[in-house]
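Work out the full structure: start from the sequences and follow the hints.
Quick note, the sequences are listed as chains A and B, same order.
Quick note: the first sequence uses our numbering, first residue 1, plus one each step.
Quick note: the second sequence uses our numbering, first residue 1, plus one each step.
If you are wondering where the hints come from, they were derived from the structure by calculation, not from laboratory data.
Where a beta carbon is used, it is the ideal one built from N, C-alpha and C, also for glycine.
It is possible that some hints are incorrect.
Calculated Cβ distances over 10 Å to all of chain B for the following chain A residues [unchecked claim]: (1) Val38; (2) Leu59; (3) Ala64; (4) Leu95; (5) Leu101; (6) Glu104; (7) Thr120; (8) Trp129.
Below, a sample of chain A positions facing chain B; criterion: calculated Cβ distance under 7 Å [unchecked claim]: (9) Ile42; (10) Lys53; (11) Tyr147.
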Amino acid sequence: MGTSIRESIWTFPAIETVHVLGLAVSVGILVMLDLRLVGAGIRHIPAADIMHKLKRWYLAGFAAMFLSGILLFWSEAEKCYRSPTFRIKLIFLALAGLNALFFEIKYVPTMRTWDATGITPTGAKLVGWASLICWLGVIGFGRWTAYGMK
Amino acid sequence: MKHLLFPIFKWADHTWVANWIRDSTWAFALLEVFHLFGITLLLGTLVVVNLRLFGWGLASHSLSDVASDALPFTGWAMVATVISGSLLFASEAMKCYGSIPFFIKMGLLATALLFTFTFHRRLTKASQPSPASKFAAGLSIVLWFGVGLAGRAIAFF
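What follows is the structure, given as structure tokens:
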């Protein structure tokens, strides 16, 4: 009994910390890609290089975030199910995924070509904006979900 | 030693903005959201620069190109994180005064900021990494992730 309480004191915060740090690494790098697509401040590094050369790093961050997220959800499944903010978070997450899939299919095959010219197609710019909005939504409503459960 | 700082905590606790945040239903949660936005951009961009210092990630680009693209966003992220963090602190200054992780976080934060704007900055201005770069990159990651870890611990301990 004592052990289980001690474990629950440490494990939840530890998993939550992994969730936040995984988020910072993966979404932080993704935001740089989005900023490049929308033409804000990333002048030297082409989108293709951010996407491909940093792939293993943001994928590692995503893996850490997803695994810890599933564990957090598992421990609070009932509260999450009832939480409206959690549903909104999931919607933003799904939209972020669909947006990334659309980008992968529509723009990644020709990426090297348009990236080299320095002219980002309007559609790819919109993908960048959509990604920024979706991830702000995921983070914002995710944080709010935890806040609402206290 | 700690009691010498008490007046600062007490002053922060009594400011109108601290009272306003405490009385508001949404302010604290909204500030935490902004704090987290800032942390994401801060750590993400720093990781990219530090990977380059290690010779990983964007190794095909010059260090100065990677740094000049990423570090301005690190700076803006710091501004957002520090402003939202100061307001969060004011709203629960007395809780922070009693929190060991808070003092650890502030110590790490001061060290991280000092290190970032002195040695780390000098190394990122070079066109190629030097032997000291790997050490600096490692220390930068340890310090900033340490700030995050200790910060998260304030809410729990």
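- request: Taking the numbered hints from earlier one at a time, note which ones the structure violates and give those numbers from smallest to largest.
  value: none
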